[in-house]
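*Asks:* Make the full structure from the sequences, and use the hints.
The chain contents come next:
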Amino acid sequence: MAAVQDGQMELDAEKETKPEILSDGTSNLSGNTASGTLSSSPLTAAPAGGAPKMEDQQTLIAVLQFLKRNKLTDSVEILRREAGLGEDQEDSQATDGSGGGKGDVDGGDANSLLSRVSITSAAAPQSVIIFHSIIFFYSYRFGKVGGADDQPDVSVVLSAYSQQGDPSLYQVYYSGLKNFIESVLDCHRAELSQLFYPLFVHMYLELVYNNHENEAKAFFEKFSGDQECYYQDDLRVLCGLTKKEHLKGNEVLLDFRTSRFVLRISRDSYQLLKRHLQERHNNQIWNIIQEHLYIDIFDGMPRSKSQIDSMSGSLAGEGKREVNKAKVFHGLLKEPEIEVPLDDEDDEAENEEGKPKKKKTKKDSLGSKSKKQDPNAPQQNRIPLPELKDSDKLDKIMYMKESTKRIRLGPENLPSICFYTFLNAYQGLTAVDFTDDSSLLAGGFADSTVRVWSVTPKKLRKVKSAADLNMIDKESDDVLERIMDEKTASESKILYGHSGPVYGVSFSPDRNYLLSSSEDGTVRLWSLLTFTCLVGYKGHNYPVWDTQFSPFGYYFVSGGHDRVARLWATDHYQPLRIFAGHLADVTCTRFHPNSNYVATGSTDRTIRLWDVLNGNCVRIFTGHKGPIHSLAFSPNGKFLASGSTDGRVLLWDIGHGLMIGELKGHTDTIYSLKFSRDGEILASGSMDNTVRLWNSMKAFDEVETDDFTATTGHIHLPDNSQELLLGTYHSKSTPVTHLHFTRRNLLLAAGAYNSQ
Amino acid sequence: MTEREERRFAEVPRESIKLMAESTGVELSEEVAALLAEDVCYRLREATQNSSQFMRHAKRRKLSVEDFNRALRWSNTETVCGYGAQDALPFRPLKEGELFFVEDREINLVELALATNIPKGCAETMVRVHVSYLDGKGNLEPQGTVPTAVQSLSEDLLKYYQQITRAILGEDPHLMKVKSVSHDLDQLNRLLHMVKSLVQNPYLYLGSYVRSLVSSVMYCILEPLAASINPLNDHWTLRDYAALLLSHIFWTHGDLVSGLYHQILLSLQKVLSDPVRPLCSHYGAVVGLHALGWKAVERVLYPHLPAYWANLQAVLDDYSVSNAQVKADGHKVYGAILVAVERLLKMKALSLTLAAGGGSAGLPGTTTGAVGFRENSPGLSPPPEPLSEPPLGIASHLQAGGAGCQWEEWTPVSLPAMYCELYSFFGDSLAVRFSTDPPLGGAPSSRSCQPLEGRKEPASGAPNLENTRKMPQLTASMNISPRQDGSPRMEPQPPSLAATVPGRSLARSSSSSSSVSRSRSSSSRPGRSTSQSRDIFPKARFPLPQAGPPAFSFIIGGRQMGRRCQGRRFQTSFTPTPPLNTLPPRAYAHKLPVIGRVSKPVRRWTCSHYSLHLPL
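Just so you know, the sequences run in chain order A and B.
Residue numbering for the first sequence is 1 to 756, as defined by our numbering.
Residue numbering for the second sequence is 1 to 616, as defined by our numbering.
Check before you lean on any hint, since a few could be wrong.
Unchecked claim - Each pair of labels, with its calculated beta carbon distance range: (1) F91/B with Q271/A: 50 to 60 Å; (2) H572/A with I107/B: 48 to 58 Å; (3) V129/B with Y426/A: 12 to 22 Å; (4) G25/B with G249/A: 23 to 33 Å; (5) D390/A with V129/B: 28 to 38 Å; (6) Q574/A with L109/B: 46 to 56 Å; (7) I107/B with S755/A: 19 to 29 Å; (8) F91/B with M400/A: 57 to 67 Å; (9) R105/B with R189/A: 55 to 65 Å; (10) R105/B with D468/A: 48 to 58 Å; (11) I107/B with Y426/A: 15 to 25 Å; (12) L114/B with S755/A: 28 to 38 Å; (13) S755/A with T252/B: 34 to 44 Å; (14) K487/A with L109/B: 36 to 46 Å.
It is worth saying that the hints were derived from the structure and are not from the lab.
Yeah, the Cβ is synthetic: ideal placement off N, Cα and C, and Gly gets one too.
*Replies:* Shown next as structure tokens:
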């Protein structure tokens, strides 16, 4: 929990500084942040978002510099003491910061703190960035995480646009830059073209903010056609926005403002750009680049157009390289030692050829796994996991037995597919889940109900009432059987409780509980013994799009419209961690097989991987061009697959933080992804009424992760979707909502028949 | 630039805002309205964008009203109620006013409450499992294979085809044929619209495809669709629309296919002369003829009318309960025929005028001119060969048998004769007024209505019961519109592309709505002129304010197709020679009270504005 405390302390430090700024007699900013401070509970502050520690420190230093400049030595002292920063550290940063000076910003209107700072820091552009990051930091923690009041931040954020330039010149500026970029060498052009979109948006917003409606419209008309096609959705939102009043409360804008668009540009290209802007004295653009863009400069060859395209597309640019540098323990946890009763007399009459051999290999692999520890695996007790109960052990044994009969899949040996069709689902099927042993099926519906079916002959029964339970003999061997009420046996049960469409359902691994998340802002925990609701977890306050149990039970994660994912434990009514950092709705959440990490996909077109232990964001994957609606970890924990509305599946190497594959073929949103039990096949199910099978083994093997790619994050994606596609399977006008591999590698698909 | 076209949003005009404000009693200045309109647009877009995420998470492709309401609720806005129906809300265009509105059908609650066929609850949601693909093998061939006809297309056209089929038919490959969708009016409607856009696309050379287009349109006009079985389905509108489309295709692309006109006429005629066909097919045929122009009506429908009339009359005279549905259909056909015939008369009159009067007097003196022109009218009998005249010699080879030679035999009937005959069928339902007795037109007596009154009694006295039936309807209308004589001329439903016809409904229920439109039309009429010759109903109640040249104008209640006006006004001034008492033989006296129902443009208009709340 070290990092968490760290964050807390920094917060305190900043709280200290605020009164000083206030006394400086400056603007509304202080008031806003003060209210933000008040609204922050320790809970929300605890797990810091994706902001790495380095940046926090820079933030602090910037504040220190600011205080110094304003001759507030006392507070400098206090702050330094609180933060535990050495003088030398700060100085070194300071000299660093005041390097590239350019002193031609008018110093006239200093009506807000922000503009004040930007003026003073005209000599030190870097500190402008830093100060922005403070605001970013604040809006981040208090605006987003607190959820309730984004409003105070808006004016702050927007006031950054108040600096005036001649509105009629914006087109000139932009087209000047455009001409320049189009005239540079090919190798640089692709990289510098990345600037177009963020610049375009910021300039447009600036025009709108300063009430130059007509100029804004003209600007949009003229240059919107130049933007990459994958930004169309954003542009559509922008296009409708022509009034200053509309800016306030517009989420997309806030997202765009509070985050800094990240670009990866090689040093050569960057120098080229810088030189050009300085020659032309193109301050307008330079200011925007300084304030709203984060240029991640790397040494080496500039990237090609296709390389850039494969990584861009997200709402806030690419992930910074250092974000993906953190070590991720993606290995699996050691299997608990359980003596498997060696009753190999197979009573079942299934005689698949080659079975004994397979069994043997499986046994071996299982044994070896338990013996030697995966080097990439986290500590067994890195996060506390629930103890195994007897029933869990029984289940594990069942699992192992089943897995010995598992069919080994491959390109020549494709799985059979069973389709579970929901008929008469007029109310709208929104979510489906299978238990791991494929015995139960749950469906969430738009009419707020959750329905559970037994897909085996065994019927669903409730536990007897308390009075009846007193009557039974508790010493008998079959007490577990006796507690069940035969009268209630039925094929399916309906769970009532939500007051909005149920967008996510998830079974607990022990099949005793069911989670459901709904539009009504709650996650509910249901008992599958009594078929009643046990807990309603409130906290999201907005629609909860997805929820999932940890593979070990006890923990679960949920993500929703409030742009955060939350980690819960079933016995806590408040979340244990809040994963904040996404710029838009969290649409899907998945646990890593070792339960130490959580992956979230979002409408901001990024995927983030979070450390459950400290709440840090350890990976940001960009490259999707549409909201992400499905995620799947490979069984070995090394890879992640993600599917989005753009109909593409992307494959990610978690350890290296790289994109390693792109699977094209679907024509509509991919709502479900699943790896086969051995990870050899990836199945994807989509709105286009098809299931597609992909050769994931081949996709993973072909990746060459040399040092260069690992360090720079550059990837060369072979366009081999067609080779990797093993089969396309059509359903009968039934969108595929969920996919599941049984323990023997039979593929189950589920969806609601759509008669229209 | 095309991208920008796509990105353009639906806009709420400031007129609508003003209208809304007025409806709540607020007066808005132009500026405020403009500002509000812009803000409303923005908020609408925002809400729509927000609502799309609910759609995505519900794993649907269609945005529902519910989604939109959720978005509104989460942004603390009042939700829009009343549009939660599961089935699609048909969004209908109104050609005349550039308006679109959600069709809001009236539901007879009494009928619903007393209905004996209580709908069964929908079946239980259940899960069925089936092994789709064993070992990854199964029907690997992709569904929705492209029909062979399409394969020869170039790549661009293929793309076009795919886009179209996708847009029209959705993802379902089963809907590739028109016939398979005959149960779904919406689908058919969409298909027709597609045909229309195909026809209108100036960059498409349809060539020989016109024929197949025509055949599918004809299908929509003529076939007894499965949907027709349910009286609630508004297949009439579909037929009307298809008929219009047919004429459109014909006029624009008729030159591409030789003999198209004949073929069409032939098939329409065949349907019309086939008594076994259901009435809705007949209706389609009549409407189709009407749409093809008055010449078509004259050549096919008119000659056939006597024969057909008997059948129709039989239907209409049957008052048994079991016949109610058929009878209602019969009224529809009756209305369609009436409209077609009226137009025929009018056009004919006009053409005669032009021919005779030489444009000197224009409309005035129409009747006299006509009369003078056609002295040698063959009398009242219908032409001997009512059917199977190919109007143009070219296509005679299409005619089965040697009927082609009959072209010469077909003699155009003179206007007065035609009018007389038609009047014998329709009686006063005919909106076009001529003096039926030009040859006897010598009696220039008083213009008072009294003699007419008196005349009327003995004339139409025979079907007394029908008079009494008529009364309530008439009085209702007369109160509002004194000038209009209350003949059901307003009632017949014209084939209108606007498709405002809100479903077929019983005539009784329409009195209120028709009175609305009537009051409108009466108010828009400049000075009320006297009733003219043929008023059968107690016009005398109203003051007759005139003595001058008895100009009269009348409005055909519905819309004439192709005209963008709310009703068409004809002005004719009569020579002060009122017709006299020579009545045509009323073999088939006017027995029909009210046909169909006039649409309600006024109400619809406001309604359509409210509907702007709806997300697209």
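*Asks:* Does each hint fit the structure? Answer for all of them.
*Replies:* Comparing the hints with the structure gives:
The given range of 50 to 60 Å is respected by F91/B and Q271/A, whose C-beta atoms sit roughly 57 Å from each other. For the hinted restraint 48 to 58 Å between H572/A and I107/B, the CB-CB distance of approximately 53 Å keeps it satisfied. A hinted range of 12 to 22 Å for the beta carbons of V129/B and Y426/A is consistent with their spacing of about 20 Å. The beta-carbon spacing between G25/B and G249/A, approximately 30 Å, falls within the hinted interval of 23 to 33 Å.
Checked against the hint of 28 to 38 Å, the C-beta distance between D390/A and V129/B comes to roughly 32 Å, which is consistent with it. Checked against the given bound of 46 to 56 Å, the beta carbons of Q574/A and L109/B, roughly 52 Å apart, stay inside it. Against the hinted window of 19 to 29 Å, the Cβ-Cβ separation of I107/B and S755/A comes to about 24 Å, which satisfies the hint. The given range of 57 to 67 Å is respected by F91/B and M400/A, whose C-beta atoms sit roughly 60 Å from each other.
Separated by about 60 Å at the C-beta atoms, R105/B and R189/A satisfy the suggested range of 55 to 65 Å. Between R105/B and D468/A the CB atoms are about 55 Å apart, so this pair conforms to the stated range of 48 to 58 Å. The supplied range of 15 to 25 Å is met by I107/B and Y426/A, whose beta-carbon atoms lie about 21 Å from each other. In this structure, L114/B and S755/A meet the distance hint of 28 to 38 Å, their C-beta atoms being roughly 30 Å apart.
Between S755/A and T252/B the Cβ separation comes to about 37 Å, which falls inside the hinted range of 34 to 44 Å. For K487/A paired with L109/B, a C-beta distance near 43 Å keeps the hint of 36 to 46 Å intact.
Of the numbered hints listed earlier, not one is contradicted by the structure.
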